[in-house]
Amino acid sequence: MPERETRFVVNASPAEVWKFVRDVHSLCSCIPGVEKVTLLDERTADLTVKEKVGVVPLIVKLTARIDAEDPPHYLHAVATADHLTMEIDVGLKPDGTRTELLGLIRVKGEGPLRPVVNSLFDKRADERAAQFAEQLERRFGAVGAVGAVGAVGAEVVAETTPEELVRERGWLAQVGEWLRRLWQRLQARSASPGK
Amino acid sequence: MSYDFVIVGAGHHGLACAAYLARAGESVLVLERSSRVGGGCSTEEATLPGFRHNICSVVHTHVPTSPVYRDLELERHGVRYVYPEHLRGTIFPDQRSLVMYRDANRMADEIARFSARDARTFRQLVADYGEFIDSTYLSLMYSPPLAPSLQSAQLEQSAEGRTLLQWQASTPVQLLDELFESEEVKVHFLARMTVLGFPPDQFGQGWICLFRILKAEAPICVGGSGSLALGLRRAVEAHGGVVQTDAAVHRIVVHGNRAIGVELKDGRRIDASKAVVTNVEPKKSFLGMVGEEHLPSPFVARVKNYHSNGRSLFVLHLALSAPPHYRAAAGNAPVDLAFSQEMFGGRVEDQVRAYRDIATGVPPRMEMLQVTLPTLFDPSQAPAGRHTAVVWQYAPYRIEPDGPEGWRRLRDEYAEHVLGLWSSYAPNITKDVILGMRIQDPTDTERHNDNLVNGVDVVGDMTPDQMGWFRPFAGWSDYRTPVEGLYMCGGYCHPGGGVHAGAGHNAAGVIADDYQLNRWWD
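Protein sequence lines correspond, in order, to chains A and B.
So the first sequence is residues 1 to 195, counted in our numbering.
So the second sequence is residues 1 to 522, counted in our numbering.
It is worth saying that the hints were derived from the structure and are not from the lab.
Please read these numbers as outputs of a predicted model, since none were measured by experiment.
Beta carbons are placed, not taken as given, at the ideal position from N, Cα and C, and that holds for glycine.
Be careful, since some hints might not be right.
[As the list claims (entries may be wrong)] Taking CB as the label site, the calculated pair distances span:
#1 K283(B) x D41(A): 55 to 63 Å
#2 A159(B) x D122(A): 48 to 56 Å
#3 D82(A) x G288(B): 36 to 44 Å
Given the sequences, and given the hints that come with them, work out the whole structure.
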């Protein structure tokens, strides 16, 4: 499954960033290609996304749902369309008066369009993440990119000392552990009789 | 004797499919009727010792960038490619020429020698559609075909998409007339279609034409086309698969509605505990090896209607003491160094008329020539300082009024005629330079590989009714068949003829899904 990780330092507190991330309309205003947002309930929205490939626009209609959150630290959302499923993890980490934002996106093409979806995501993800960072910069003021965007496992961290890198990975491990615990809780719930 | 999978035919698709399945841990047997593997990937000393000639395929445009090359680690199995700097050189009767380059700016500069407006159009096409083609074409080749409704549903939503749909519906000639003004530029790009067997005035092929305008590559397999087949064989055997040559399958054994094995012409019976996969063209596979009695009648009707009536090739394999020097090189030196030289007259109408002549059984008298010297780029295919050349002239399989037999009477005279046409462009090609020659008329091509019915080198016409979701038949383009445990994987399946191993790759994916095998390549 193609995936991309991206990190930004946002010039705002975790509470402010959380408010932004949790507001689908404001978040989508920063995501390139999102043309229409219809909020279905507090956690669910229909999105129309236009992705231009050359001059040819591909129009994808997605339903996105936040299915887990731990304010103001972590959010997990799943967006589905006819031919793809996109999982999004957002983590927020205080950094002095600022907030470091981690985004992890996994896209899984499905059905006959799977190879096209995967190929397009591979080609476009880095560019789109950079545009997202620009939008955040406009919204919150000065933003420094901590890490370059890249495939997970081939992460390039700019201007980061080895000690900082260890700390970054420690934080990533914490998010991973949180996810693991959440998964176990969900599994336990679904396995419990009477639930 | 029993294997999980038995694959009928060791063409490159069959070998690729087998290699994927073998590496998934399945026991695999590939059975090949002839004494060599590769089908259309065949290299042999056709003229003189040491001169290695590519009997069918010469260039493997998509293989080096394909998932097959990467997944099966073909480089590790001895398959290597070289890339000519100059791709195809179209030479016109007035000895001007247009050379194709993979770099878009260089290509635009070349087009500008004929028309500044066409050069601008080309640059705009690259900007507008280059990424679309890059993102979709290979992905769609190496996956089962999309239903037409799925393609149009996405494209019809925008003006740009609707333009693409309109182009897709048009003929190559119509599209070229819409895009370009220079007759030479149109001739050059039209040749990019007709060399693949696409008729110039066939509706429903505009999208492929656009791809052929925008994308160019000419990788040559080091050691000859047959080296790819040998590498694929090694990939099968490296994972425990077995390849048997001189093992002709007589029939595919069907019990109830399930393929359970094969029976060889020598009487041996080999069981397939999971599936049989056929790399053999549809009529031989289904009417010959399976039998109509095991198939639903609508499917039988489709098999009987599968057609291979398009243009064939009249081929000369030549051993040369020196490479050709074209008159056109005086004005455009790279022509001599290009992967191929193409001489198709000076007007679009020339190719259209040639195809019409061919349809009525008349071999064209004017040049419809493509010449390639693999040894310019891979000297290993001939003794030091010598060269091999393959000369293609578009030709019919049947000659009026004698049918295929007509070639017996015509072939020597036609070979002389073709050489005369060639030497009118390359005057140093005289009898002194030609050390040896083998004539391969369309009936020889079919004898060499009878999957190439009627000498059609793309295993069935590449017409809209036999492409994509319709190849080989609507409703059966996902490599499955009406018989359980029987799959298809030849060039008669999507993405069609040519050497790319797409059908072998895609069939392996479908089989892996059906039998819940380890899709190790995903």
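Quiz prompt | Hints that the structure is at odds with (numbers, increasing) | solution = 2
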